[in-house]
Amino acid sequence: MIVLSEEQVQYILEDLEQKGIELEELRFSLLDHICCVLEEELNDPANFQDHYTKVLPRFFKRELREIQEETELLMRFKNYYAMKRTMIISAGFTAFTFVTGALFKIMHWPGASVMILLSIVTLCFIFLPILFIFKTKETNSTREKITLGVATVFGIVISLATLFKIMHWPGANIMWLSSLGFLFFVFLPLFFFSGIRKKETKLNTIISSVLILVAIGLLFALTQLRSSKWTDFQENQTDLQLIQLTGLAELHATDTMPVSNELKRKANELIDQITELKKGLILHMNNGEQAEVSDLLRDLGKEINHTNRFFFLESGKPRPRLIELKENVKSLYSMLSTPMQEKATVLNTENRKKYNDSIEQMISWEEDMFSYVTFSNALRKLNQLELAVHFCID
Amino acid sequence: MYSSELIKGTLKTIILKLLTENEKMYGYELTQKVKDMTGGKIQLTEGALYPTLHALENQGILTTEVVNVGNRLRKYYAITPSGREIASEKVNEFTDFIATMITLLDLKPNLG
Chain A
1 MIVLSEEQVQ YILEDLEQKG IELEELRFSL LDHICCVLEE ELNDPANFQD
51 HYTKVLPRFF KRELREIQEE TELLMRFKNY YAMKRTMIIS AGFTAFTFVT
101 GALFKIMHWP GASVMILLSI VTLCFIFLPI LFIFKTKETN STREKITLGV
151 ATVFGIVISL ATLFKIMHWP GANIMWLSSL GFLFFVFLPL FFFSGIRKKE
201 TKLNTIISSV LILVAIGLLF ALTQLRSSKW TDFQENQTDL QLIQLTGLAE
251 LHATDTMPVS NELKRKANEL IDQITELKKG LILHMNNGEQ AEVSDLLRDL
301 GKEINHTNRF FFLESGKPRP RLIELKENVK SLYSMLSTPM QEKATVLNTE
351 NRKKYNDSIE QMISWEEDMF SYVTFSNALR KLNQLELAVH FCID
Chain B
1 MYSSELIKGT LKTIILKLLT ENEKMYGYEL TQKVKDMTGG KIQLTEGALY
51 PTLHALENQG ILTTEVVNVG NRLRKYYAIT PSGREIASEK VNEFTDFIAT
101 MITLLDLKPN LG
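For the record, the sequence lines run as chains A and B. Each residue of the first sequence is one higher than the one before, counting from 1 in this note's numbering. Each residue of the second sequence is one higher than the one before, counting from 1 in this note's numbering.
Keep in mind that the hints were calculated from the coordinates and are not lab data. Given the structure is predicted, the values throughout are model-derived calculations rather than measurements. Each residue gets a CB set at the ideal place from its N, CA and C atoms; glycine is no exception. Among these hints, one or two may not hold up.
Listed next, the in silico SDA-like pairs over lysine to any residue satisfying Cα-Cα at most 20 Å (straight line) [to be verified]:
| # | chain 1 | residue 1 | chain 2 | residue 2 |
| --- | --- | --- | --- | --- |
| 1 | B | 35 | A | 41 |
| 2 | B | 24 | A | 141 |
| 3 | B | 35 | A | 36 |
| 4 | A | 61 | B | 24 |
To list a few chain B residues with every Cβ distance to chain A over 12 Å, as calculated [claimed, not checked]:
| # | residue |
| --- | --- |
| 5 | 18 |
| 6 | 37 |
| 7 | 72 |
| 8 | 92 |
Just chain A, same shape as in the assembly (with noise of 0.2 Å):
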């Protein structure tokens, strides 16, 4: 007698499962009695390919997927084929009206939501349902059968919480975020630990494992992180100067200060250079193109969102032009009445105190106004700019 190497074992699992053994279990017993034969029979190593081969139709009548259709045939119960019927054509109809219900909905199509909520409806209430039953057939362990069927509720829920996020119905957040905990801490460590008990789901159970996790991961990263910190510390900034400015224009209403003619014409140049400098963003916006600027305007609310980020001003890398604004903006601020100074804010050129992470910091002006700005905000700013300078001469 003798002992089969790890190879020629290999070698027989993987002939079974090309033969047509798809049943995992059926194959490993198929494959130890199979090397129970050959190791009882064998007497010279350098026979195993003949022997096996010879072995084999022992087995069967006229193939070996005879032994897997017999298995199947006896493990069905009742209603089997009728559920597998009703499981095929709910799984084609689900992914048949999802797609189709998904590129109506791209294309703002008429019935998109109704397809989508019809193929949800029959994955969640059809399809998981009796896929549950199938599969719990396929085993007996208790564990096992605790563990498709948290997976099945799982599937259910996560579904439902899609359609909800879909149909922007009430509920759909606490849904999805509960989905999510629920793969997480429930799910996750049942499928974990049932897993990895037996040798032979061992590795598959852990590649799953960690590709659920990233799963988790990027559907959290997807639906839950907020734009950056600094984009909402601009958009507020930019927010309070825009109070500041009514300040300015309470002040204005009831100055009766005559403005000097020097004041009016350096507070136009100023306000020019504004409009070249809005023209050229806009201009910038649209990769440089020469191109009428009204009407890039009319299409700036479909060009422009908040994650198309365009940075006015990289940090430490003052633009000449940007030089230049500041310069005007300051001798035109030194000219400004003292009760227009102090309500002048935005026009303001000094050094500003700014507060990162708690952390106090002083940062020039352009950077304050326009570093790490988005398209939009520095355009936002630019029109306050100018309307400041309105106030202060009209």
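Using the hints, position chain B against chain A.
Only chain B this time, still in chain A's reference frame:
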């Protein structure tokens, strides 16, 4: 050696009976045991054995235990209490069947 049709009808009875007498057995062991006990007259075909074993396990009549033997896994089968009842029912039924067959076919039992 008997024809496979004859064996097929009694396969379940043979498996259950053997497992009531032995604590746990694996597939190959079952076939060898039957072969030895019958002097090679009855040989369980693997093509019928494994589907039946899996079905019995699925119905909860048998329990299994997977053991690592050298470089492969071996599945041991053991009978459950409900399986024992079924086994004795099957054996009784078969004894009765043989008695009926003897009468039907008018056979003289060979007492020699």
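Hints not upheld, ascending by number: Of the numbered hints given earlier, those the structure breaks are 4, 7, listed in rising order.
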